[in-house]
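Undergrad: Please take these sequences and the hints and turn them into a complete structure.
Residue numbers (our numbering): -13 to 124.
Quick caveat, the hints were computed from the structure, so don't treat them as lab data.
As the structure is a computational prediction, the values presented were derived from the model and not from experiment.
Possibly wrong hints are sitting among the right ones.
[Stated by the list, open to error] Here are the simulated DSS-like cross-link-like pairs (lysine-lysine), alpha carbons at most 30 Å apart as the crow flies: (1) 107 <-> 25; (2) 65 <-> 24; (3) 31 <-> 60; (4) 24 <-> 117; (5) 17 <-> 60; (6) 107 <-> 65; (7) 75 <-> 17; (8) 107 <-> 60; (9) 60 <-> 117; (10) 60 <-> 75; (11) 107 <-> 24; (12) 17 <-> 31; (13) 75 <-> 65; (14) 117 <-> 75; (15) 65 <-> 25; (16) 75 <-> 107; (17) 107 <-> 117; (18) 25 <-> 60; (19) 31 <-> 117; (20) 17 <-> 107; (21) 65 <-> 31; (22) 75 <-> 25; (23) 24 <-> 75; (24) 65 <-> 117; (25) 117 <-> 25; (26) 65 <-> 17; (27) 60 <-> 24.
[Said to hold, decoys possible] Label pairs and their calculated CB-CB ranges: (28) -10 <-> 32: 28 to 34 Å; (29) 50 <-> 122: 33 to 39 Å; (30) -9 <-> 104: 27 to 33 Å.
Cβ coordinates follow ideal geometry from the N, Cα and C atoms, glycine included.
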Amino acid sequence: MFNEHGEFAVTRQGNILLVYASGAWNAETAKAYIHNIKKAIEHIKDESWALISNVEQWELCTPDCEILMVNLAKVCRAKGLKREAIVNKNTKSVKLELFHKHSKQYTDEPSASQFQRRFVKTDTEARAWLKNEGFGLV
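TA: Here it is in structure tokens:
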């Protein structure tokens, strides 16, 4: 077993999770992150929720970590995740390809009940979008 590489912080405000990720992640960090996310959402019962993922200081992850994160995304959507705002000043950054690669593309116009992801430049922009989508921070 390896030591965790990279860091994260997960907090919950109402039905919104706030995540700040930094450094280069390995599978051990991803497993710790998954544990924290699952713990944070276990109290959100039968309710839609949203996620703000600030990845400005994140430096990507190992391939085994990527698989874990894709599986977590499926679990989160099954447990009510409806919106995710990805925050990074450079919205064309190569590191965002990971999110694009695993985004489900809808052929129809997205609806309120479908999962939607948006790439934004600031936390303020993320909060504004989520508020407009019905997810206000407390």
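Undergrad: Hint by hint, work out which the structure violates, then give me just those numbers in ascending order.
TA: Violated: none.
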